[in-house]
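Given the coordinates of chain D, assemble chain A with the ligand onto it according to the supplied hints.
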Amino acid sequence: MARMTMIEAIRDAHAVAMERDDRVVVFGEDVGYFGGVFRCTQGLQERFGSHRCFDTPISEAGIIGAAIGMAAYGLRPCVEIQFADYVYPAYDQIVSEAARLRHRSAGDFTAPIVVRMPSGGGIFGGQTHSQSPEALFTHVAGLTTVVVSNPVDAKGLLLAAIECDDPVMFFEPKRVYNGPFDGHHDRPVVPWSQHPLGEVPEGHYTIPLGTARVHRPGDELTVLAWGTLVHVAQAAAEETGIDAEVIDLRTLVPLDVDCITASVARTGRCLVVHEATRTSGFGAELSATVQERVFHHLEAPVTRVCGFDTPYPHAHEWSYFPGPRRVGRAMQELMRA
Amino acid sequence: MVRPPLRLRIPEPARGHLPPDPVPFISAAGEMRRPDLDEKVERVALMRKQLVRVLDPEGQAVGEWVPTELTTDDKVRGLRDMMLLRSFDARLLRAHRQGKISFYMQALGEEAIACAHQRALQPGDMNFPTYRQQGLLVAGGYPIVTMMNQVLSNDHDPLKGRQLPVMYSSKEHGFFTISGNLATQYIQAVGWAMASALRGDTKIASAWIGEGASAESDFHAALVFASTYQAPVILNVVNNQWAISTPEDFARGASATFADRGYGFSIPAIRVDGNDYLAVFAATSWAAERARTNRGPTLVEWVTLRRGAHSTSDDPSVYRPDDEVARFPLGDPIDRLRRHLEVVGAWDEQRHAETQAAVDAEIAAAFDEADANGSVRDGHTADPRTMFDDVYAELPRHLREQRDQVGR
Ligand SMILES: Cc1ncc(C[n+]2csc(CCOP(=O)(O)OP(=O)(O)O)c2C)c(N)n1
Chain D
91 MARMTMIEAI RDAHAVAMER DDRVVVFGED VGYFGGVFRC TQGLQERFGS HRCFDTPISE
151 AGIIGAAIGM AAYGLRPCVE IQFADYVYPA YDQIVSEAAR LRHRSAGDFT APIVVRMPSG
211 GGIFGGQTHS QSPEALFTHV AGLTTVVVSN PVDAKGLLLA AIECDDPVMF FEPKRVYNGP
271 FDGHHDRPVV PWSQHPLGEV PEGHYTIPLG TARVHRPGDE LTVLAWGTLV HVAQAAAEET
331 GIDAEVIDLR TLVPLDVDCI TASVARTGRC LVVHEATRTS GFGAELSATV QERVFHHLEA
391 PVTRVCGFDT PYPHAHEWSY FPGPRRVGRA MQELMRA
Chain A
434 MVRPPLRLRI PEPARGHLPP DPVPFISAAG EMRRPDLDEK VERVALMRKQ LVRVLDPEGQ
494 AVGEWVPTEL TTDDKVRGLR DMMLLRSFDA RLLRAHRQGK ISFYMQALGE EAIACAHQRA
554 LQPGDMNFPT YRQQGLLVAG GYPIVTMMNQ VLSNDHDPLK GRQLPVMYSS KEHGFFTISG
614 NLATQYIQAV GWAMASALRG DTKIASAWIG EGASAESDFH AALVFASTYQ APVILNVVNN
674 QWAISTPEDF ARGASATFAD RGYGFSIPAI RVDGNDYLAV FAATSWAAER ARTNRGPTLV
734 EWVTLRRGAH STSDDPSVYR PDDEVARFPL GDPIDRLRRH LEVVGAWDEQ RHAETQAAVD
794 AEIAAAFDEA DANGSVRDGH TADPRTMFDD VYAELPRHLR EQRDQVGR
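Chains D and A, in that order, give the protein sequences.
Each number in our numbering corresponds to the 1-based position in the first sequence with 90 added.
Each number in our numbering corresponds to the 1-based position in the second sequence with 433 added.
This is chain D alone, in the form it adopts within the complex (with noise of 0.2 Å):
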């Protein structure tokens, strides 16, 4: 064990991938002599060579559209997006090359990269620093898209997408790069240092694809959140003294439907939280996927906070924000239904 921060966690899970894997090639924008703009992947030139980690132009279609060739090649490529705010320029790329590669061919290509994107606001990132596109990820077949809350989850879920035979969208709240950000803008953020799940396993491990964990367990409600939110609402229960039950989902697909289910069915009712924006945003899918299957334990509607649809404001940050204030009130409201 060692007590690492999630860029760290990152970063080892780099090396670990790339010491196992000859196959391993990581780039991007800044990503290998300087090491990345969060030091995700700081040292990793120096050790393994600029053949296997290098920077790249400043063109994320590039970035993915290259990644896929060389997959397509048989390398295994790991592949930074300075932030998730500009994976749009390769969506093309992601959406109609990297996700149907296998299908179109049959199974005579594949596309096995994983895209890395910072995510997530509560940095004063304004609307091109902020963004959880999640969503738009999630609607295409094809792609696998694990969201992390924390540092075990980081380096376990990378090693697992580095290893998957398909393209992972694998995203980084930067909030929670540091420590379990539980949206108390205004208190002192926990360092991972002082957190168990700071405690990460050295060498070698994964974390299987599509399994959600339950990160507090309780009997009142559940929560079904990801990223920063798995904290945040934590906080929120803590704060209201719901006894509820936060499940971090991880991988948002496959979705893990039988641990959602199981807690719902148990507590009866649910409440989905995200950063992105609420209109067809993955809770959305939740909502619908809860009361389809275990709509006759439901004791009131599935309900949902998110972040408001509107550009993510720079100075209204706090505003904009579902922290634990408006998590805890759904909770209560839930409570009372």
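These are computed hints drawn from the structure, not numbers from a lab.
Don't take each hint at face value.
What the hints assert, rightly or not - With a Cα cut of at most 25 Å, we get these calculated DMTMM-like pairs of lysine to aspartate or glutamate:
#1 Lys604(A) with Asp111(D)
#2 Lys473(A) with Glu722(A)
#3 Lys604(A) with Asp182(D)
#4 Lys533(A) with Asp811(A)
#5 Lys533(A) with Asp471(A)
#6 Lys604(A) with Glu802(A)
#7 Lys604(A) with Glu253(D)
#8 Lys604(A) with Asp112(D)
#9 Lys604(A) with Asp634(A)
#10 Lys604(A) with Asp588(A)
#11 Lys533(A) with Asp747(A)
#12 Lys482(A) with Asp634(A)
#13 Lys533(A) with Asp816(A)
#14 Lys473(A) with Asp489(A)
#15 Lys604(A) with Asp198(D)
#16 Lys604(A) with Asp255(D)
#17 Lys533(A) with Asp793(A)
#18 Lys604(A) with Glu827(A)
Leaving out everything else, chain A with the ligand in the frame of chain D:
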């Protein structure tokens, strides 16, 4: 001071009523020098308004680009490849008229480019083609019946009816799966070539794009990456004068040629007579040799003419002049190679007629065989439940559940 009102140049989209623009910058056969493999890009750029041509009007092969490594047998085989491809296209076009297939795209008039290119590559090299490079497969010896099965979307289609007709895929034959989204493959080819070099391999990639699709940003990304990493890739731009209804100058803009695109990226770029089989072979060999010897990417503009409609969904009579084919200065690729073989005494009327009969018979037999496997029209397709295969390496739960709903 009164300033003039601002104005735009709007290229004329529909020229049906106008005589075709002459193809500019046509060199005589043998006129353009063959640059050294490591000739400075500045010097190659001086040739961007010339045209690599080997076959002169009489059918003689002349100049520095003559591919002396091609034997007469190779040339005969090249001619046969092109004839086979033309016959293949004609049969499938007829199948469309007969209502047996939903869609088709032919390479009529452009046969030399893919056929000669394929012959100049090595086994293991990877093409990233568009929908108009079926000649790569035909000249590469891919089974014709399998191509027809794909076009018919029948239950022998290796792609299981998942793709539109002509969107072939064959890793084994160095033919990357075709996308319906234009230009995406161009940067992927550069990535594939980068991977080959990262691994210290000896294989090269060949990227394909139509001149119209070169307007897409993936084209730019590909040139940047190819230039930055000096990737072992051939960047082909097939200038067949038309992108559906828009003439080539829409994508070219105010540049003189598509070969002009290379210099800004320090990528040597040449223009080649795409209807001259020997020039295509020679230029491909030159570009491939540059890639294989770590001299980096080469851009090649192949000048040709899309003689047919864009696809079976297109009616070019609305936008293109009637006499365009007759006035096209680069002639027909089959006629030109045939004439060359006749001039060197390796071919005559009778051999040509025999070969034509043989390729037509081969195509007819292949079509009969494929047709007997059925088609999408008569329901002889793969089991619909197979549409859930290959979405992921393993079938996830939600797809298993959805598969159970098929046909219910
Ligand atoms: C991204 C994208 N945009 C538009 C189309 C529709 N489309 C298909 S072919 C074509 C014209 C392409 O012309 P060109 O690149 O010159 O190739 P050619 O058909 O002449 O071989 C268009 C607009 C498409 N398939 N993909």
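Checked hints:
no.	hint	result
1	Lys604(A) with Asp111(D)	23 Å, holds
2	Lys473(A) with Glu722(A)	16 Å, holds
3	Lys604(A) with Asp182(D)	23 Å, holds
4	Lys533(A) with Asp811(A)	9 Å, holds
5	Lys533(A) with Asp471(A)	51 Å, violated
6	Lys604(A) with Glu802(A)	24 Å, holds
7	Lys604(A) with Glu253(D)	22 Å, holds
8	Lys604(A) with Asp112(D)	22 Å, holds
9	Lys604(A) with Asp634(A)	17 Å, holds
10	Lys604(A) with Asp588(A)	20 Å, holds
11	Lys533(A) with Asp747(A)	18 Å, holds
12	Lys482(A) with Asp634(A)	35 Å, violated
13	Lys533(A) with Asp816(A)	19 Å, holds
14	Lys473(A) with Asp489(A)	28 Å, violated
15	Lys604(A) with Asp198(D)	6 Å, holds
16	Lys604(A) with Asp255(D)	17 Å, holds
17	Lys533(A) with Asp793(A)	19 Å, holds
18	Lys604(A) with Glu827(A)	21 Å, holds
Hint compliance for this structure: hints 5, 12, 14 are not met, and every other hint is.
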